[in-house]
Amino acid sequence: MYAQSLNQQVEGTTGPEDAEAAARFQARIDAEERIEPNDWMPAAYRRTLVRQISQHAHSEIVGMLPEGNWITRAPSLRRKAALIAKVQDECGHGMYLYAAAETLGVTREQLVDELLAGKAKYSSIFNYPTLTWADIGAIGWLVDGAAIMNQIPLCRCSYGPYSRAMIRVCKEESFHQRQGYEIMLTLARGTAAQKAMAQDALNRWWWPCLMMFGPPDAQSQHSDTSTRWKIKRFSNDALRQKFVDATVPQAHFLGLTLPDPALRFNEATSHWEFGEIDWSEFKQVLAGNGPCNRDRMAARRAAHANGEWVRDAALAYAAKERARAAAAAGAA
Amino acid sequence: MSTPTTPLWEVFIRSRTGLAHKHVGSLHAADATLAVQAARDLYTRRGEGTSVWVVPSSAITASDPADKGMMFDPADSKVYRHPTFYEVPDDVGHM
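Chains A and B supply the protein sequences, listed in that same order. If you're matching positions, the first sequence starts at 1 in the working numbering and goes up one per residue. If you're matching positions, the second sequence starts at 333 in the working numbering and goes up one per residue.
The hints are simulated quantities; they were obtained by calculation from the structure and are not laboratory data. We put the CB at the ideal spot given by N, CA and C, even for glycine. There's no promise every hint is true.
[Said to hold, decoys possible] Derived lysine-lysine pairs resembling DSS-like cross-links, with alpha carbons at most 27 angstroms apart: (1) A/K121 with A/K320; (2) A/K242 with A/K121; (3) B/K354 with A/K171; (4) B/K400 with A/K230; (5) B/K400 with B/K410.
[Stated by the list, open to error] Footprint (simulated), chain A over chain B, 3 or more residues, beta carbon under 8 angstroms: (6) 356-363; (7) 393-406.
[Unchecked claim] Counterexamples of contact, computed for chain B against chain A with all Cβ distances above 10 angstroms: (8) T337; (9) R348; (10) V368; (11) W385; (12) P421; (13) D422.
Please put together the full structure from these sequences, using the hints given.
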């Protein structure tokens with residue numbers, strides 16, 4: 001329950017009192033207390049959260065597009081029902097996250113406008129195309145697997161509404177990864193052509209999935225303060241390693257090969273060591289030059305524009321009903 | 333490009349008969365009917381509820397966090413409001 005009217009009071013004042021408030025704030029964070037919407041918080045903490053939570057929400061929304069692409073072509077009713085449920089979940093996750101961002105004093109309309117204007121970022125992974133049915137398996141297994149790695153620590157994020165949203169998201173997300181792996185397993189145990197399709201999907205999604213964890217720790221621009229504020233609990237590289245360690249044996253179980261000749265198990269550290277990530281590709285995709293950036297934005301803009309009359313009609317109807325009720329009350 | 337804002341609603345769900353409605357989150361909807369439908373879609377996709385309440389967020393009056401001490405600290409010193417404050421000999425048995 002977020003009475004947002006209280007949110008605006010603290011912005012823009014600096015002085016000795018703020019330093020004291022900031023110290024008290026950090027002490028609360030250090031004591032693992034959750035920060036709630038109406039609590040005092042540094043303006044930079046608020047900005048960081050609005051940026052991160054809204055990017056996360058945008059990612060869920062744009063993330064519906066690559067998978068939605070295969071709903072009508074799912075190979076069976078069972079697969080279709082699961083895929084529809086998954087895409088609905090992504091939409092729901094976007095809604096939970098937008099609501100969490102809004103508790104920080106931004107409106108839904110502002111956030112959506114920023115996405116549609118191309119000012120807001122979303123996860124680079126959704127700018128890759130889903131060329132075959134196996135891509136739906138690879139997305140569930142790898143993309144959702146990577147997302148879960150990222151999201152589980154966020155359940156303990158210092159900001160209450162974000163952490164609560166993430167708990168809900170993680171609960172729902174676990175079916176996504178399993179349904180993806182099941183698709184991969186079915187293909188891997190199928191005909192030679194089906195297995196080749198699964199291998200091709202793994203080849204294309206593996207490296208972009210490793211990029212999902214963000215730039216290497218040495219180059220990450222937001223990490224230090226986010227860690228101090230307990231928004232971020234593990235570094236990009238640590239999460240990436242965790243993902244690789246969890247995923248490599250799963251790939252081997254499928255009988256598939258990871259597209260990385262440098263991949264090898266280090267007995268001493270018990271970690272899978274992997275090859276160099278092509279960060280120039282990551283930067284290109286972030287800069288808007290990935291395979292599907294323009295398609296994704298065009299699809300979101302079209303959806304928003306095509307839904308405008310529905311939003312307008314709903315608001316007009318609500319206004320009319322209010323006016324009618326007021327007139328009836330006046331006449332009585 | 334800015335559009336008129338759609339009202340915000342807080343959603344409460346009763347997970348089973350016999351339990352209280354519990355706050356689960358919020359959503360935007362033009363009116364109460366649409367808010368109930370959206371709450372159904374958004375918060376009960378896996379049988380989480382048997383009943384939904386939606387309340388306009390603007391109708392909620394919240395305590396101010398600045399008043400937290402004044403509001404809630406007085407209860408801290410009143411340990412005699414808890415059963416564990418009172419000593420009952422073991423021989424009396426469960427009470």
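Checked hints:
Note on A/K121 and A/K320: the hinted pairing is violated, with a Cα-Cα distance of about 38 angstroms set against a maximum of 27 angstroms. Under the criterion of a C-alpha separation no larger than 27 angstroms, the hint pairing A/K242 with A/K121 is consistent with the structure, at around 25 angstroms. Using a Cα cut-off of 27 angstroms, the hinted pair B/K354 and A/K171 holds, with the two alpha carbons roughly 18 angstroms apart. As the CA atoms of B/K400 and A/K230 are separated by approximately 24 angstroms, the hinted pair is consistent with the 27 angstroms bound.
Our distance criterion of 27 angstroms between C-alpha atoms is met by B/K400 and B/K410, whose separation comes to about 17 angstroms. Coverage of a stretch by a chain is defined here by at least three residues with a beta carbon nearer than 8 angstroms to that chain's beta carbons; for the region 356-363 of chain B and chain A the count is 7, and the condition holds. Look at the region 393-406 of chain B against chain A: 4 of its residues bring a Cβ nearer than 8 angstroms to a Cβ of that chain, three or more, so the hint holds. The claim that B/T337 lies off the interface is violated: its Cβ sits roughly 6 angstroms from the closest Cβ of chain A, which falls inside the 10 angstroms cut-off.
Even its closest Cβ contact with chain A, about 18 angstroms, leaves B/R348 beyond 10 angstroms, as expected for a residue assigned away from the interface. The Cβ of B/V368 sits about 13 angstroms from the closest Cβ of chain A, beyond the 10 angstroms cut-off, so the non-interface label holds. Non-interface status of B/W385 relative to chain A is upheld: no Cβ of that chain comes within 10 angstroms, the nearest being about 12 angstroms off. Distance check on B/P421: its Cβ is at least 39 angstroms (rounded) from any Cβ of chain A, clearing the 10 angstroms threshold; non-interface status holds.
Residue placement check: B/D422 keeps its beta carbon more than 10 angstroms from all beta carbons of chain A (closest about 37 angstroms).
Violated hints for the displayed structure, listed by number in ascending order: 1 and 8.
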